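*Asks:* For this one, chain A is given, so just place chain B on it according to the hints.
For reference, the chains in residue letters:
There are 2 protein chains.
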Amino acid sequence: MTNLPDDPRHALMLLSSMVEPGDAELDDLLGDVGPVEAVRCIWEGEIPERLRRITSAAVACTRNPRERCEALVSATEACGSRVLIPGDPEWPEQLRDLLLICDTDEPHLRPPRCLWVRGDGDLAAMCRRSVAIVGARAASGYGKHVAQFLAADLAEAGWTVVSGGALGIDRAAHMGSMGRGGPTVAVLASGVEQPYPQSNRSMFDVIVQKGMLVSEWPPCSSPMKHRFLTRNRVIAALAAGTVVVEAGMRSGARNTARHTAELERVLMFTPGPVTSSSSVGVHRLAREPWAARLVTRAEEVIEDVTGIGGPMAPEPPRQRRPFDDLTEVQARLVEALPLGFVRDEGRLAAAAGVPVVTAAETLDRLRELGWVELQDGRWRLARSKVK
Amino acid sequence: MTNLPDDPRHALMLLSSMVEPGDAELDDLLGDVGPVEAVRCIWEGEIPERLRRITSAAVACTRNPRERCEALVSATEACGSRVLIPGDPEWPEQLRDLLLICDTDEPHLRPPRCLWVRGDGDLAAMCRRSVAIVGARAASGYGKHVAQFLAADLAEAGWTVVSGGALGIDRAAHMGSMGRGGPTVAVLASGVEQPYPQSNRSMFDVIVQKGMLVSEWPPCSSPMKHRFLTRNRVIAALAAGTVVVEAGMRSGARNTARHTAELERVLMFTPGPVTSSSSVGVHRLAREPWAARLVTRAEEVIEDVTGIGGPMAPEPPRQRRPFDDLTEVQARLVEALPLGFVRDEGRLAAAAGVPVVTAAETLDRLRELGWVELQDGRWRLARSKVK
Chain A
2 MTNLPDDPRH
12 ALMLLSSMVE
22 PGDAELDDLL
32 GDVGPVEAVR
42 CIWEGEIPER
52 LRRITSAAVA
62 CTRNPRERCE
72 ALVSATEACG
82 SRVLIPGDPE
92 WPEQLRDLLL
102 ICDTDEPHLR
112 PPRCLWVRGD
122 GDLAAMCRRS
132 VAIVGARAAS
142 GYGKHVAQFL
152 AADLAEAGWT
162 VVSGGALGID
172 RAAHMGSMGR
182 GGPTVAVLAS
192 GVEQPYPQSN
202 RSMFDVIVQK
212 GMLVSEWPPC
222 SSPMKHRFLT
232 RNRVIAALAA
242 GTVVVEAGMR
252 SGARNTARHT
262 AELERVLMFT
272 PGPVTSSSSV
282 GVHRLAREPW
292 AARLVTRAEE
302 VIEDVTGIGG
312 PMAPEPPRQR
322 RPFDDLTEVQ
332 ARLVEALPLG
342 FVRDEGRLAA
352 AAGVPVVTAA
362 ETLDRLRELG
372 WVELQDGRWR
382 LARSKVK
Chain B
2 MTNLPDDPRH
12 ALMLLSSMVE
22 PGDAELDDLL
32 GDVGPVEAVR
42 CIWEGEIPER
52 LRRITSAAVA
62 CTRNPRERCE
72 ALVSATEACG
82 SRVLIPGDPE
92 WPEQLRDLLL
102 ICDTDEPHLR
112 PPRCLWVRGD
122 GDLAAMCRRS
132 VAIVGARAAS
142 GYGKHVAQFL
152 AADLAEAGWT
162 VVSGGALGID
172 RAAHMGSMGR
182 GGPTVAVLAS
192 GVEQPYPQSN
202 RSMFDVIVQK
212 GMLVSEWPPC
222 SSPMKHRFLT
232 RNRVIAALAA
242 GTVVVEAGMR
252 SGARNTARHT
262 AELERVLMFT
272 PGPVTSSSSV
282 GVHRLAREPW
292 AARLVTRAEE
302 VIEDVTGIGG
312 PMAPEPPRQR
322 RPFDDLTEVQ
332 ARLVEALPLG
342 FVRDEGRLAA
352 AAGVPVVTAA
362 ETLDRLRELG
372 WVELQDGRWR
382 LARSKVK
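Chains as they are written, first to last, in our numbering: chain A, 2 to 388; chain B, 2 to 388.
If we strip away everything but chain A, and leave its shape as in the complex, we get:
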């Protein structure tokens, strides 16, 4: 046949339009003979029976594969997108880690064959310091607030946010990051020309300007349920770690969380009220064997993904109180003095459990500090310290 593609990129685009990601037989074929030859094998039926059955409908619909490739190229260019394939300088090499976790039970976890991207940046560079923020679509106001401020502070610190394109946590994360001028990467389960859902259209327009839309599926692919689950592995693999902000027990975010842990990337979660069904899934993560890390602030996220030797999150600020400046013995004596009463040294020493001589010295010092006053040879709390 002369009407077959001779460009590996075109061949991978064609195959991506025919066979869902993670087909072990197709990937083996690609590894053995390369994309151009793989297309020829498929069109000439020189392939295993199962792969033949899966591709037969598409082969039957496509009289001229080269024309089909040209149509895919046109559709790709028409929406301002381009296609990355393994080996391109811009291809994120960390996607290869998916080879470590895919197996015969979970072939869909194999690395993507190619990626459609829309945006001016360099995907590999953008993801070099990146954190995924994922969570429920049906997020609470609290969850969206947390995702937004976390993403904003990560952007401020120079970290890219990776997420899906859904309403709820995904959207809040993108908006938070872009609000501080940070780049964000939205990995989609549909074609990049019409990202799903349409209600996020204006956000996708901004992402194309400031960050990047990414998809394994060619333009005009619809966002099927199983594609979201397949897509999740790419989010987990691109980023150094994943923060799950809110998730019910059924949320797809828990699926991304599992991939993150299996990929030995850092799995984190932000807690919420135990009374909120939106947080049930994240709290469960903490009790699963993956040892998800609890994070409350961007500094803690950065501490966790950079690991030992990275920046340590500072302790949350403590409120100072005047009492803190007293020594143990000083504090005991002040407390042994009941408000509005006077006491002699002996009784104060006994009540505070300190030697009389120590009590006498300490009370003098406390008078200098303005804590106690003498009244007719006995001690009382200074008025200035009485609240």
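Simulated from the structure, these hints should not be mistaken for laboratory data.
Remember, predicted model here, so these are calculated numbers, not experimental data.
Take the hints with a grain of salt, since some may be wrong.
If chains are identical, the list can't say which one is meant, so a pair holds when it fits in one copy or spans any two.
Stated by the list, open to error - Below, computed lysine to any residue pairings styled on SDA-like, alpha-carbon distance capped at 25 Å:
hint: 1; residue 1: Lys211; residue 2: Asp121
hint: 2; residue 1: Lys226; residue 2: Glu346
hint: 3; residue 1: Lys226; residue 2: Arg379
hint: 4; residue 1: Lys211; residue 2: Arg259
hint: 5; residue 1: Lys226; residue 2: Gly347
*Replies:* Here is chain B on its own, set in the frame of chain A:
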């Protein structure tokens, strides 16, 4: 001297009224010669210089130690309390574990010398299956709600709640447990005759009926700041594990948490909103090296304190959806059918990435299940499934 106590219990009561818990020199003396002889040594000055200085004020105030003991016995009986000492059948043996964590830097962590108790139960029996619930006084409505329902469900499951006597989390825990008829143990930093704070007086009255008030200090001892910190080790040591419900960075509950971990008991916390200052301290626990366990329900607490072999907390209930009953291929085909359009089998098979023959069989099955309908030889979604 003939006016010295000859009953070890009376001697320990007297010593407790003179020297704060955790004095290493006094405890060594008690270990060497016993309480009766220790009192004699103190009154006759046959003790190390430091201990002599600490006790001198009290010795000087107490002309007749035996009379002082009788006064302590009267005060103890007057408020319906009694004194437990090590060796009593009712003495909680687990307090001995404190010997493992006290050292010269933290002598105040030594086991108590004796305990005043108010209540009809048996303290050792009551604490055999017990969990401590502690947290901030300035708790939020959320925190109090969590403490209360956790304590209630623990009581229902036959577990005793141990806590302090403060407003906030302590109070909510006691009320929750007693509301379900559970026994609770309140460990105080003041005498048992007038538990602090007074605003909890009616609660303390109920605890005396249903549970037990416990203190290391004799009646009429006031609740000094350092006594709360000293008291915390007893809460941690009595229970099989401690749940911290809400705590600011400065809360004494964090101190109880540290003792719990050092005692190798189970340290747990309930999370809250990251935006709440009341939860900052508990979230910090999760990031400290103590490996505090996140818990959201009483079942999880019981799972954690009973350890391997104990009851496993059931998975939180999942919401079933109609889509869940479909196989992977069935779901793909349903999703490949756009709402309001009809499609032939070949196109559906290509869109869903399944062989045509499989698509045909599966579509027939989906028609039986009521998901799809035939219209002029092509398929569309059944109206009943269109929301």
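*Asks:* Could you figure out if Lys211 and Arg259 sit no more than 25 Å apart (CA to CA) within one copy, between two copies, both or neither?
*Replies:* neither (29 Å within a copy, 46 Å between copies)
*Asks:* With identical chains, the pair Lys211 and Asp121 could be close in the same copy or across copies; at 25 Å between alpha carbons, which is it: within, between, both, or neither?
*Replies:* within (8 Å within a copy, 70 Å between copies)
*Asks:* Are the CA atoms of Lys226 and Arg379 at most 25 Å apart within a copy, between copies, both, or neither?
*Replies:* between (80 Å within a copy, 23 Å between copies)
*Asks:* Quick one: Lys226 to Gly347, C-alpha cut-off 25 Å, is that within a copy, between copies, both, or neither?
*Replies:* The answer is between: 20 Å across copies meets 25 Å, while 79 Å in one copy does not.
*Asks:* Given a CA cutoff of 25 Å, do Lys226 and Glu346 count as a within-copy pair, a between-copy pair, both, or neither?
*Replies:* Intra 79 Å, inter 20 Å, cutoff 25 Å: inter-copy only.
The structure does not agree with numbered hint 4 stated previously, though it agrees with all others.
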